[in-house]
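Undergrad: As they're listed, the protein sequences go chains P and S.
Quick note on numbering: the first sequence equals residues 1 to 221 in the working numbering.
Quick note on numbering: the second sequence equals residues 1 to 90 in the working numbering.
Honestly, I wouldn't trust all of these hints.
[Claimed, not checked] Listed next, with one range per pair, are the computed distances between beta-carbon atoms:
(1) S:47 <-> P:65: 44 to 50 Å
(2) P:31 <-> S:82: 31 to 37 Å
(3) S:77 <-> P:58: 39 to 45 Å
(4) S:48 <-> P:70: 35 to 41 Å
Keep in mind that the hints were calculated from the coordinates and are not lab data.
As the structure is a computational prediction, the values presented were derived from the model and not from experiment.
C-beta: ideal position from N, C-alpha, C; glycine also.
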Amino acid sequence: MTPLGSGQEARRQTRYAEGEPTDWPTALAIPGPEQDHALRALHALMVKAARHQVWRMRDMLPTTDARSREDLANGAADEALTVLLTKLDTFEGRSRFTTWAYKFAILQAATEVRRQAWAHREVSLEDADLWSDAAPSPAQHAEAVDLATAVGAAMQHALTPYQRQIAVALLVDNVPIDVLADRLGTTRGALYKALHEARGRLRAHLTRTGHLTGTSQGGER
Amino acid sequence: MTQDRRQLTPEAARLLTLSTDPWLSCEDCFDLMDLYVERLLDGPQTAEMRAMTVHLRGCAACAEEAESLLLLVAEQDGRDVHDIQRSLHD
Chain P
1 MTPLGSGQEA RRQTRYAEGE PTDWPTALAI PGPEQDHALR ALHALMVKAA
51 RHQVWRMRDM LPTTDARSRE DLANGAADEA LTVLLTKLDT FEGRSRFTTW
101 AYKFAILQAA TEVRRQAWAH REVSLEDADL WSDAAPSPAQ HAEAVDLATA
151 VGAAMQHALT PYQRQIAVAL LVDNVPIDVL ADRLGTTRGA LYKALHEARG
201 RLRAHLTRTG HLTGTSQGGE R
Chain S
1 MTQDRRQLTP EAARLLTLST DPWLSCEDCF DLMDLYVERL LDGPQTAEMR
51 AMTVHLRGCA ACAEEAESLL LLVAEQDGRD VHDIQRSLHD
């Protein structure tokens with residue numbers, strides 16, 4: 001191996017701040033030792049982000065075992081790295097590369113935690129008029145309870161059976177959106193779109209019945 | 001077959017009637033998430049960022065992931081994570 005001259009060494013030090021390339025897309029794109037180094041550094045970042053996410057959501061997991069959490073984080077990091085590399089050409093430099101990269105690991109780890117948390121839980125899709133009038137607890141304002149009763153009625157009048165099933169699963173039974181998407185063979189984006197439309201229909205219906213004003217943000221706190 | 005009647009809680013009613021306009025998809029939210037986080041930490045807010053805020057109120061999964069990314073980047077940058085966390089929930 002030829003020793004680097006002082007100029008080359010300086011450039012090398014510039015390109016690798018704290019062991020990481022300063023130009024990630026280039027370092028990752030060109031086969032060779034720099035690509036190998038960049039891949040190792042990127043994998044380490046993905047593991048860091050996946051561990052961070054798994055730790056945040058650890059209470060959802062069926063096991064408290066540290067080894068299982070570590071396996072989960074490493075698996076998510078591997079998967080996220082694969083996905084990231086297929087999307088490398090979409091990095092536009094609007095944010096730091098590391099911030100852009102972290103989000104892939106966070107998404108993958110969060111999705112996997114939710115999947116494991118619900119792996120043995122049934123997701124029932126209800127479509128029935130099951131809502132009884134709510135009696136306010138001491139902590140609840142009667143006005144909020146009235147709205148809840150009106151929303152229950154509006155769900156029967158304004159939503160399609162599919163919209164009701166989605167809305168109840170996501171917002172009443174708190175089924176995670178990616179778990180529901182997986183069970184229904186659809187995507188998170190498609191479910192959110194259905195929920196968005198259901199919310200719009202409910203808001204329009206409740207505005208007509210006088211329970212919401214036209215400018216009300218509804219649930220906005 | 002009879003089924004038990006259930007109560008719709010005020011919190012569920014709040015979430016069901018949340019306005020999620022302007023529309024932003026989960027895919028667009030993911031695309032913008034890194035930019036959103038860095039803008040929250042340092043930069044000016046734009047109309048796109050307003051749509052992100054609305055989306056994150058209405059999508060619990062995206063909200064969890066955005067908060068997680070924000071805290072990870074803040075911690076990496078040596079920022080006061082607790083202050084940032086508080087500002088997220090104000």
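Undergrad: It remains to establish, for every hint, whether it holds in the given structure.
TA: Status of the hints after comparison with the structure:
Taking the beta carbon of each, residue 47 of chain S and residue 65 of chain P are about 46 Å apart, inside 44 to 50 Å as hinted. Our hint of 31 to 37 Å for residue 31 of chain P and residue 82 of chain S is violated, since their Cβ atoms are close to 44 Å apart. Under the hint 39 to 45 Å, the C-beta atoms of residue 77 of chain S and residue 58 of chain P, about 24 Å apart, miss the expected range. For the pair residue 48 of chain S and residue 70 of chain P, the beta carbons lie near 37 Å from each other, so the given range of 35 to 41 Å is met.
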